[in-house]
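Protein sequences, first through last, are from chains A and B.
To convert, take the position in the first sequence, counting from 1, and add 10; that gives the working numbering.
To convert, take the position in the second sequence, counting from 1, and add 38; that gives the working numbering.
Hints are not guaranteed to be accurate.
DSBU-like cross-link-like pairs, simulated, lysine-lysine; straight-line CA separation at most 35 Å [said to hold, decoys possible]:
| hint | chain 1 | residue 1 | chain 2 | residue 2 |
| --- | --- | --- | --- | --- |
| 1 | A | LYS49 | A | LYS104 |
| 2 | A | LYS156 | B | LYS377 |
| 3 | B | LYS420 | A | LYS135 |
| 4 | A | LYS49 | B | LYS420 |
| 5 | A | LYS156 | B | LYS305 |
Source of the hints: derived by calculation from the structure; they are not laboratory data.
In this text, all values refer to a predicted model and were calculated from it rather than measured experimentally.
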Amino acid sequence: MKRLIFILSLVLAVPAYAVQPDEMLSDPALEARAREVSKDLRCLVCRNESIDDSNAELARDLRILVRERITAGDSNPEVKQYLVDRYGEYVLLKPLTGGVNWLLWGAGPLMLLIALVIGIGYLRKRQSGTETPVVALSEEEQTRLKEIMGE
Amino acid sequence: MITELGHFALILAFLVACVQAVVPLIGAQKRWPGWMAVAEPAANLQFLLTAFSFAALTYAFVTSDFSLRLVVLNSHSLKPMLYKVSGVWGNHEGSMLLWVLILSLFGAMAAWFGGNLPPTLKARVLAVQSAISVAFFGFILFTSNPFLRLAVPPFDGQDLNPLLQDPGLAFHPPFLYLGYVGLSMAFSFAVAALIEGRVDAAWGRWVRPWTLAAWVFLTIGIGLGSWWAYYELGWGGFWFWDPVENASFMPWLLAAALLHSAIVVEKRESLKSWTILLAIMAFGFSLIGTFIVRSGVITSVHAFANDPERGVFILAILAVFMGGALTLYAARAGIMEAKGIFGLVSRESGLVVNNILLAVSAFVVFIGTIWPLIAEIAFERKLSVGAPFFNMAFTPFMLVLGIILPVGAMLPWKRASLRRTIKPLIPVLVLALALGGLAWAVQSGRSLLGPVGVFLGAWLVFGAAVDLWGRTGRKDRLARLMRLPRADWGKAVAHAGLGITMLGIAGLMAWEEEDIRVVQLGEPWNVAGFTLELTEVNRVQGPNYFSTMGTMELSKDGQPISTLHPEKRQYPVARMPTTEAAIDNGFLRDVYTVIGDPQDGGGWAVRVYYKPLANWIWGGSILMAIGGALSLSDRRYRVAAGARRRQAMQGVPAE
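One chain only, chain A, in its complex shape:
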């Protein structure tokens, strides 16, 4: 159930399973680069899948496009830029760091910093604090205690 929607997107895609032998470049070095680039590119009609993993027709077209650009002599960043120019930054699975995205990339370290400051503050306080006295029982509990004690 967890993946139902994810699966449904696979349903809509159908046959052709991920990278096909006929798409692959004969030069293993170039092919390896193509695979690496493909892993960072989103299959636009899928749910959070890279074009390298996806079975969709569109993913196949994009894989072939990536290989065309690589064969044409583009560097990896240039290939990605080529796709971003056409499909927008939505196509990148690894978001850019620029603009407001610093919030996304910085959120983890920032939160860690805050947590550490609070945590250390707390630990210091526990180090020097005094043992607080035990809270006395309420009247009701006193009666109950007496009952239990058999009085």
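With chain A's structure known, arrange chain B on it following the hints.
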């Protein structure tokens, strides 16, 4: 008729839940024993009615009653019995019914096993739990009723999605829901304690088993889902950082944090305020997960329009429960003063660091999951956040967690000497570094991921062993080892399991090899030192599918290892194909084969993967779950009633 009775029982359960949510709460406030006592029978009744309703729906699926809309959409008369049953929860409406069934089961269990709870706390816990039930009964009855009939029933159903017709996935949702919903108990205890105005060691002891159980179920559920993805989706991926996966992972991380911080509350009466907040947040993330899965809002903002009613309803539930609980928390947090005093180097501090790492890493997953939504709504940037982001932003936290874990686990309470704690761990550290270095030397010139994984795995596994061994004292060590409390064993097993999972993930990601090619029948080829040969391809007919089944001979150095049968299935009713990978499972590696389409020039597209340490990922998950279960069966939970009596005699407020 049974369907109508089931529907009716569901409505009755809704009404009972309404009563249970209100009456005991007033009773506890006014100290009216009669009103408080309503909670227990109401919880039982609510569970029985929901169980009947669920049974009625199951009956409809098992007998293929195609007058029921849900059965038509998700079942077929030819479907194997297992999947007729699992079809009950393989859809939105039925899975929500399973959700409330588990919710009311947990409520009833709190009533059965809560004999040693103070009456007011018990009444409040059951009332809060029931309030959650009310919300979800309402959700089902008003937006997702599973008992709707069709005026003109068809001859047969539309079948369950074939990808879901799999044993791994049949049991994946129930475990996941047991986990999600189990966290509702921690939430109910937290809110009840806030209303009550008292959080003490006893509270920590009560809330911990529920959290532990929820965490164990989540571990199993997530493990099953990931295992299923590995063998079913056809390329051996085990984790995709998909929003829906993240939805289950965030509660898992927070539950892990919570079950550790509850130890501090139980043993040292500190970290109370944080533990309460964590209990609220953990269930909050379960609800957020439900929202993400049911509304489809994260996948695409536009999907929201498809089913606004359901999404808005869950959002309202989320707002009411989180808003209410957090307001209550803000008002009452002040009264929860910490008691224990401890040094900067102590078990307490170690657990604080554990909580910081787990909570912040959950926060990172959360930000990554909802960022596309925020960016689009607030900044008009349409972007994606995928696996590369999570791998970079999340992994460092797990790395640090793994490095400090064995030390933190061995630190004594209150005040510790770092040097004395580390001393017995030095041989382990040397061994782990040596193994990591060995891996690095052998692989020559690849990424550091694999060696780091080997180091972490060895460090955690042997560290856990040293911890356990260190508890045996000086004489009769073996005999004492067997007599150690199960909680100690549970801790060691779970920590070792984490190490094994980390090693499995790192090893698989670093050393995987892949081969995609067109092969002709009878022409062998080599992958990662193995030889494969496709000997034949046959058409086979299954109970409700047709299959193209390849036969592959796997061998190494001329020695045959096994015969594999990768399949490509076509389900005619659902009109969809699936791949059934054939995997040769080994202790240290899997060989994973998939058959593709026939090629125009003859031959078949075939992909073969060499997947080192793949099984260790799930082996480690199983160990973590076993560790949790061991800890759950510890004596101190079984004899909690006796412990309470002792506490009462010492004059510590246990009630």
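Hint check:
Restraint check for A:LYS49 and A:LYS104: the C-alpha separation of about 10 Å stays at or below 35 Å, so the hint holds. Restraint check for A:LYS156 and B:LYS377: the C-alpha separation of about 26 Å stays at or below 35 Å, so the hint holds. For the hint pairing B:LYS420 with A:LYS135, the CA-to-CA distance comes to about 45 Å; that exceeds 35 Å, so the pair is violated. Between the alpha carbons of A:LYS49 and B:LYS420 the distance comes to roughly 19 Å, so the proposed pair stays at or under 35 Å and holds.
Taking the CA atoms of A:LYS156 and B:LYS305, the gap is about 27 Å. The hint holds against a cut of 35 Å.
Hint check: a violation occurs at hint 3 only; the rest are consistent with the structure.
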